Structures are given as structure tokens and as C-alpha cells.
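There are 2 protein chains.
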Amino acid sequence: MSLTVVGSIAFDSVRTPFGERERMLGGSAVHFALAATMFSEVHVVGPVGDDFGEEHLDLLRERGVDVADVERVPGGETFFWAGHYEHDLNVAHTDDTQLNVFGEFEPKLSDASRSADTLFLGNIQPELQRRVRAACDRTSLAALDSMNLWIATARESLVAAIGEVDCVMLNDAEIRELTGEANLARGARAVMGLGPRIVVAKRGEYGAALFTEHGFFALPGLLIEDVRDPTGAGDSFAGGFLGYLDREGAGADAGLPSLRRAMAYGTVLASFNVEDFGTERILRLSPDEVEARLAELEALTRISAS
Amino acid sequence: MSLTVVGSIAFDSVRTPFGERERMLGGSAVHFALAATMFSEVHVVGPVGDDFGEEHLDLLRERGVDVADVERVPGGETFFWAGHYEHDLNVAHTDDTQLNVFGEFEPKLSDASRSADTLFLGNIQPELQRRVRAACDRTSLAALDSMNLWIATARESLVAAIGEVDCVMLNDAEIRELTGEANLARGARAVMGLGPRIVVAKRGEYGAALFTEHGFFALPGLLIEDVRDPTGAGDSFAGGFLGYLDREGAGADAGLPSLRRAMAYGTVLASFNVEDFGTERILRLSPDEVEARLAELEALTRISAS
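Chains as they are written, first to last, in numbering that gives the first Met the number 0: chain C, 0 to 305; chain A, 0 to 305.
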């Protein structure tokens, strides 16, 4: 089984009450890929500029990520984001965004990327998401993320894109904004009404909720004492979630038992993501640590001793 | 086993996007008692005015609540709160607060109230909480709630009161405000450092988290589609939580298995509370419904099929 992710590759400068980093490796496709590669073979599709060195690609390669479709744009610069978090780590404050090569991004997929079993359309312009979705004709599970910008400026395209995937992964606030439903369960049902059979509501430190036609599932976040930088946690969640489903070969008809475990792995990967800046924690993460924390999460949430 | 609650008895006028009610029965002690009485014998201690009729007391009596210590203040008026909720039901907007007899409240406990096994000090002035705590010398499990007003204006008294109970139940924002810790797990640990061995963080629609020296536990909220009025949900949570522990005779040394189930019952009672205005849903709640929803919550949160 294999998995393709299309999205941003970035340099992030981040400041939190616990430190700061300049131009570290980031971007939604990167965070997603590094989490998903704990479970399955991952192809990354995204653009970088001349400032993106081999040493950055090596960080991905060393973790087993296929970077053949990382497109280097001659004369271009890599997407750059600068932001900070204050006392409340739930709120990111953007200080600078330079789209650079990402602004003109036109995804080009190799045969290997196009024939992946699982596809994650990171947060890019919805019409690009639709083109990539159409190109990946052997995909058995396609998921997308989006953001408030596209909900506000490209709603029709986004609704069309949502209608063409099996799974939507959004923040709970985005689900509310997209559907106009204040109630999350109703909002998720409205999203399912657009086509997808799986809706995942990401809720930051509060965890995540899953909605399907066959039932609901919800997990609190792990209660991490040492949160240093939440950047990328949502993408790490998505990587753990879809990486696990891809490994299981679950496809769009994944049953609730598989989806429950996928939610748990997503929660675990997100919890590691926030323990250090950018990708630093996930880059040194071992499969044993993932399994140990999954057991911790099961213990954290089990009502009855079994 | 029996349980005493000290707190407000009120008339609430509430407006939400789903309707409104004038001067309905409310107050923290009332919401708590109606939830706790699903599990155990409950004594309510709180003041009312001449405007509080026998028909209101009968609502409590019919559910088995002991109202012998509901103190009627001649010539007084009952505590009155008016508020509304907008699209986002997580935020209450207060339109009017008239403390009335509650402003001069000096708790008077009968022998039956004083000798209860479990004590819940609802959100009242911390020095009053301390006096009640001292009077209840046979209590094996004492818990308290508080609010931002007391954190800001009576911090020393509140810290002393916290040091005299076994369990603290606060909103997560209140734990952050009280301790100055942005991280909830660290904040909860700081509260434990003041004395209590159990800290419950209420998180609104996101559920609740439990912290003890022996471990953590967390539950998401139930994903209720028809939320009509969240007023009293936190007190219903506390009533389910402590009512169950009282029935089990758990005391301050309650182990994690008991505390887990108590958290689940608290979550269940809160979920019913929000389905209708004020006390309306809990007043018609049956034990079978409670057990059915507990099973639903277990299914909602179980990672592995057992």
C-alpha cells in the first residue's frame, strides 16, 4: 500500500513561550509525510525553491519518504511562514507569509504518486485539489483538508472538491464556518451531505471527533505537560490517521474499528508533534514510542477496567 | 451513604437560539442535587425568598431530594440570574444578576446534612465553604467548585478552602487562571500541590479531564445534536460524578477505576442537562436512560473492540 500527499513544503520561523526557531523545515505536506511514514510508504508532492537544500530533502529521505515529486522551481524561493504563540498555545499568530513558489504551484504527479492507494489533499486551492483527485484514479481512499481562506473565497470549488473525496478533515471551527451549523454533530452531518462518508473534526488540545454514517467516535487529546510548539499538529494527526488506514488497506469502506484505531494513531502522532519545535520530535520518533503512547491513550480513555 | 450540597438556589431567565424561559428553577445546588439524586440521598442547603413556592420545593421532593435545609428568608427574594447564549453555546452572556437572599447567605446545616458522607461545596464565597467544610466532620469526600470572581477577589481564602478538600472541580480556564499555568496538566498538578488529591477540569462541550497522583483520565463530551440550553451542565456533571462516588462509598481514597466511572456518569448527566432548558430534562430522566447513555459513551470512546 502507498500514500500520496500534496501540499506545502515550507520554512517556518516560530516563537513560543518555550523558545524559537528560524527557518526550520515545515509545511503541511512535510508534517503529514513524516507522521504517515511511520506506517506506510509516502510520496510527497510539493514545490520548493533554490533555497531548499539537499540536507532538507535528506531529512525526509532518511525517514523513508519518497521525494521524487518534490519539485524544485529554478530561481524560486520556498514558501515561508513566520508566526508566534503566546500563553495560549491554541492560537497561532501569523507574523509573515511569503507564498513564493507555492503561489504558482501546479502539482505534477509521477506514476508512483498517481497510483497510490491513499491520497491526502493538503490545504491548497480547491481547484488544484480537484485536479489531483481526478488524476489519482487508482486511489481507494481520498481525504482533504482546507482552511477558512478557501471557505470564504472559493466556497463553490471547495464544496465540489469535498464532493469528490471520501474523507474530510477540518478543525471544528472550520466545520462550523463551512456549514453554518453551530452544533458540531449537525455540522459534520451537513458535510457528509456533500458526499464524504467520513468526517474528522480536529479540536486542538481537546482531541478529535469522527463522524460516519455508521456511528461517532471521539477522543480527548493526550494531556501533555511539555507542549513546546503546536505547529503542524493537525497535519501530524492526519498523517497518523491516514497512514494507519493505508497500512491496513482499509480504503473508503473502512469500518468503525479501523477508523477508531486510526483516530488513536492520529492523536498519538499529534501528541508527539507538539513536544518539540517543528518536525524535531517526529524526526526522532520510533515505532516503539508510538505503540507505548497508544497504550497510554487507551488507558487514559478507558471507562471500564477490562 | 448520603451527600450534602451547599450552594445557590435560583430563578433563571434564559434565552438561547432554541427558545427561552422566564424564572425557571435553577442554581448550582439545584442542578447538582437533581443529578446526584439519581445515585444517592441528597441534602440541599441554600436560601430562598418568599417568591419560592411549595411547587418548586415539590419538584425537588418528588425526585427524592431532602429540602429540610432549604432556608426560607422572610421578606427576601430568591437569587435571580438572567442570561443568554448566542450561536456559540459555549459562552454565557449575563444580562442580570440579583443576589437577593443569596448575598447574605450563612449556611445552616441540620445534623443530617452535617453528617453526610460526601460534601459538595458549590460556588459560594470561599470563607463560607471553609466554615461548612469544618462543620461536616464525618465527611469522607469533600469537593468544591469556584469561579473567576473568587479567584480574583478572594484568592487567599480560596487557596485555603482548596487545601481543606479532597477534590476540586473547576473549568479548565479557571484552573489556568488560578495557577497561572497555561498548560492544563501542569495547572492541575499545581492545584494538587495545594492539597487535594483529585482535580477535575470541566471543558464544556469538549468533556472533562481528571488528574490524580495515580494517573490521568479524560473523556470527550457526548456529541449531542440537540443542545438547547447549557445552563447548569457543569453542576449536573458534578452531581453525576459525586453522586456515583457517594453511592459506591468510595471516599477520598477512591481508586482510578471508581473515578473513571464517576467521570463517565458526570459526562452522561451533563449531556442530558443540555438537551432542554434548565432542569427540565433531568427532572424527567430515568435510571435506564442514564445506563443506556453510559453504554453509548463507552462505545463512543472505545479505541479497541473488546
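Treat the hints loosely; a few may be bogus.
Listing some non-contacts, in silico: residues in chain C with all C-beta distances to chain A over 10 Å [said to hold, decoys possible]:
{"no.": "1", "residue": "Glu19"}
{"no.": "2", "residue": "Ala133"}
{"no.": "3", "residue": "Arg154"}
{"no.": "4", "residue": "Glu155"}
{"no.": "5", "residue": "Arg202"}
{"no.": "6", "residue": "Glu204"}
{"no.": "7", "residue": "Arg246"}
A few chain C residues facing chain A, derived, Cβ under 8 Å [unchecked claim]:
{"no.": "8", "residue": "Glu105"}
{"no.": "9", "residue": "Leu108"}
{"no.": "10", "residue": "Leu299"}
No lab work stands behind these hints, which were simulated from the structure alone.
For clarity, every value in this text was computed on a predicted model and none was experimentally measured.
Glycine included, every Cβ here is placed at the ideal spot set by N, Cα and C.
| query | Hint by hint, which ones does the structure fall short of? | reply | 5, 6, 8 and 9
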